[in-house]
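Position one of the sequence shown corresponds to residue 1 (my numbering), numbered consecutively onward.
Keep in mind that the hints were calculated from the coordinates and are not lab data.
Small disclaimer: the values here were computed from a predicted structure and weren't measured.
For each residue, glycine too, the CB sits at the ideal point set by N, CA and C.
Incorrect hints may have been included.
The calculated label-pair distances, taken between Cβ atoms and stated as ranges, are [claimed, not checked]:
| hint | residue 1 | residue 2 | range |
| --- | --- | --- | --- |
| 1 | PRO122 | HIS86 | 24 to 30 Å |
| 2 | ARG65 | ASP133 | 33 to 39 Å |
| 3 | GLN70 | PHE141 | 27 to 33 Å |
| 4 | ASP133 | VAL85 | 37 to 43 Å |
| 5 | LEU35 | PRO136 | 15 to 21 Å |
| 6 | HIS86 | ILE132 | 25 to 31 Å |
| 7 | ALA64 | THR140 | 21 to 27 Å |
| 8 | ARG95 | LEU35 | 36 to 42 Å |
| 9 | LEU81 | ALA165 | 43 to 49 Å |
| 10 | GLY83 | HIS108 | 16 to 22 Å |
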Amino acid sequence: MVVIGTYLLRAYLLWAYLLRASAAEGQSAQEILALVEDIKSRVRVYAMLDTLEYMRRSGRVSWARAKAAQILRIKPIVEVLLGKVHNVGQVRTRRRAIERLVELVRAHAPLERLAILHTYAPEVDDLCERLIDLCPSMQTFTVAVTTIIGAHVGPRGLGVAVVTAG
Numbered sequence: 001m002v003v004i005g006t007y008l009l010r011a012y013l014l015w016a017y018l019l020r021a022s023a024a025e026g027q028s029a030q031e032i033l034a035l036v037e038d039i040k041s042r043v044r045v046y047a048m049l050d051t052l053e054y055m056r057r058s059g060r061v062s063w064a065r066a067k068a069a070q071i072l073r074i075k076p077i078v079e080v081l082l083g084k085v086h087n088v089g090q091v092r093t094r095r096r097a098i099e100r101l102v103e104l105v106r107a108h109a110p111l112e113r114l115a116i117l118h119t120y121a122p123e124v125d126d127l128c129e130r131l132i133d134l135c136p137s138m139q140t141f142t143v144a145v146t147t148i149i150g151a152h153v154g155p156r157g158l159g160v161a162v163v164t165a166g
């Protein structure tokens, strides 16, 4: 049995399933592990939080910061890299935050795989349509994030996980 640390979200499980299908096609365990490591090095994950309220509730953000973000309509943009969350920036308004997600993803084009991650955000289909042209292989998924991540992000969170073309 082989255990692979993904550091990440459910989208990896979908991609791992696809790799398992590769194993069924006769590839050796070493070939599949090399493929997994290659994919891990090319994964980028970006997310937009609609509110900091749920981060405040979990103790990760102060009350003052969450309230200021609410009043100013600030939407943080983060990158998840090797299991750590890094602030990429913040914008005012949800529309601008979604535009920023699109810009970040387009900077990595062309893509091998694309997953739209969400906590039941209404713009999921729109975001998918705007990015589908970057993934000519049509390896595109829409994935509701896990409840643990959703508890920190809150409703209407939106993200993108991509594997850059290698």
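The hints, checked one at a time:
no., hint, verdict
1, PRO122 x HIS86: 24 to 30 Å, "27 Å, holds"
2, ARG65 x ASP133: 33 to 39 Å, "37 Å, holds"
3, GLN70 x PHE141: 27 to 33 Å, "31 Å, holds"
4, ASP133 x VAL85: 37 to 43 Å, "28 Å, violated"
5, LEU35 x PRO136: 15 to 21 Å, "19 Å, holds"
6, HIS86 x ILE132: 25 to 31 Å, "26 Å, holds"
7, ALA64 x THR140: 21 to 27 Å, "40 Å, violated"
8, ARG95 x LEU35: 36 to 42 Å, "38 Å, holds"
9, LEU81 x ALA165: 43 to 49 Å, "19 Å, violated"
10, GLY83 x HIS108: 16 to 22 Å, "19 Å, holds"
Checked against the numbered hints given earlier, this structure breaks hints 4, 7 and 9; the rest are met.
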